[in-house]
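With the hints as extra help, turn the sequences into a complete structure.
Chains as they are written, first to last, in this note's numbering: chain A, 1 to 132; chain B, 1 to 132.
If you are wondering where the hints come from, they were derived from the structure by calculation, not from laboratory data.
Quick caveat, the model's predicted, so the values are computed rather than measured.
Watch out, some of these pointers could steer you wrong.
Stated by the list, open to error - Below, in silico cross-link-like pairs of lysine-lysine (BS3-like), each with a Cα-Cα straight-line distance of 25 Å or less:
hint : chain 1 : residue 1 : chain 2 : residue 2
1    : A       : K81       : B       : K38
2    : A       : K38       : B       : K38
3    : B       : K81       : B       : K93
4    : A       : K81       : A       : K93
5    : B       : K81       : B       : K38
6    : A       : K81       : A       : K38
7    : A       : K38       : B       : K81
What follows is the residue order along each chain.
There are 2 protein chains.
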Amino acid sequence: MSKSLLVLSPADTAACCPPLSREPLSAEQAVQVAPLLKALAEPVRLRLMSLIASHPGGEACVCDLNDAFDLSQPTISHHLKVLHEAGLLDREKRGVWVYYRARTEALASLGALIGDPPSGRAGRQSMAETPS
Amino acid sequence: MSKSLLVLSPADTAACCPPLSREPLSAEQAVQVAPLLKALAEPVRLRLMSLIASHPGGEACVCDLNDAFDLSQPTISHHLKVLHEAGLLDREKRGVWVYYRARTEALASLGALIGDPPSGRAGRQSMAETPS
DNA sequence: ATGAGGCATAGAGTGCTGTCAATATAGACG
DNA sequence: CGTCTATATTGACAGCACTCTATGCCTCAT
Chain A
1 MSKSLLVLSP ADTAACCPPL SREPLSAEQA VQVAPLLKAL AEPVRLRLMS LIASHPGGEA
61 CVCDLNDAFD LSQPTISHHL KVLHEAGLLD REKRGVWVYY RARTEALASL GALIGDPPSG
121 RAGRQSMAET PS
Chain B
1 MSKSLLVLSP ADTAACCPPL SREPLSAEQA VQVAPLLKAL AEPVRLRLMS LIASHPGGEA
61 CVCDLNDAFD LSQPTISHHL KVLHEAGLLD REKRGVWVYY RARTEALASL GALIGDPPSG
121 RAGRQSMAET PS
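This is the structure:
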């Protein structure tokens, strides 16, 4: 259809960039990372991700997830698809049921990208001299 | 206008929740955290945040930021406002110029919320027993 | 085969978001 | 006091996102 040359899931892009505070993200890097954050930037998806990631084994059945929300089944299915296509969830069908597993490596990369300190110097005290 | 009982900036909410993979986020927690991620989930804002956070002193002048993008000045101003209202940027006017400073503590909390492993066990191997 | 249950997809409606041009505000400087 | 510069606000428009109902597909049991 459109993108079928890269086998890399979007989630892998988070590991491709230094932390936000270390050096400026390039325009291309930003375009690659933003979809990951966008996938998480929704209350329902955030809860879904947390529900699945905190489940024993890091996976959960859709049947259980549906019951945890006051939303229609297609809506939950839609949100799971968004997280899956972002590379944050793995999908596996076992018999009649479908299980989604959290990609904790992707979460870890993303967390490091956002939260890691500048470099060796932890603090950001400085305030330095007159900027410009 | 609508919600004005809490003086807490949205960015503080990230520190209020355990890591995603540790225990399920409540609906309220998710609603509080999502705006933070939504603020970052945009390529331009992600670059802005990175530009400011990686600047010496963790702050940057709007005049410099405008030149870093091929966007109109109001658009940059809008994005900075979004990041500011999310609690990710501090605003300070010095003379004619306005400086935005990165709230690295907010970034750190958010990064930890997303990326931190389940609990003490760093690995995400587990796979544990049969889920359900 | 036939039916039932679990999940995905399609299509529509509504609201939000990113961008711009135009304008307002606010301070500095003649 | 008037003007110039830096930033913010307003209003408009296009596109996207969240939700629903309706429907299709797949798997298992009968």
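Consistency of the hints with the structure:
no.	hint	result
1	K81(A) - K38(B)	18 Å, holds
2	K38(A) - K38(B)	6 Å, holds
3	K81(B) - K93(B)	14 Å, holds
4	K81(A) - K93(A)	14 Å, holds
5	K81(B) - K38(B)	13 Å, holds
6	K81(A) - K38(A)	13 Å, holds
7	K38(A) - K81(B)	18 Å, holds
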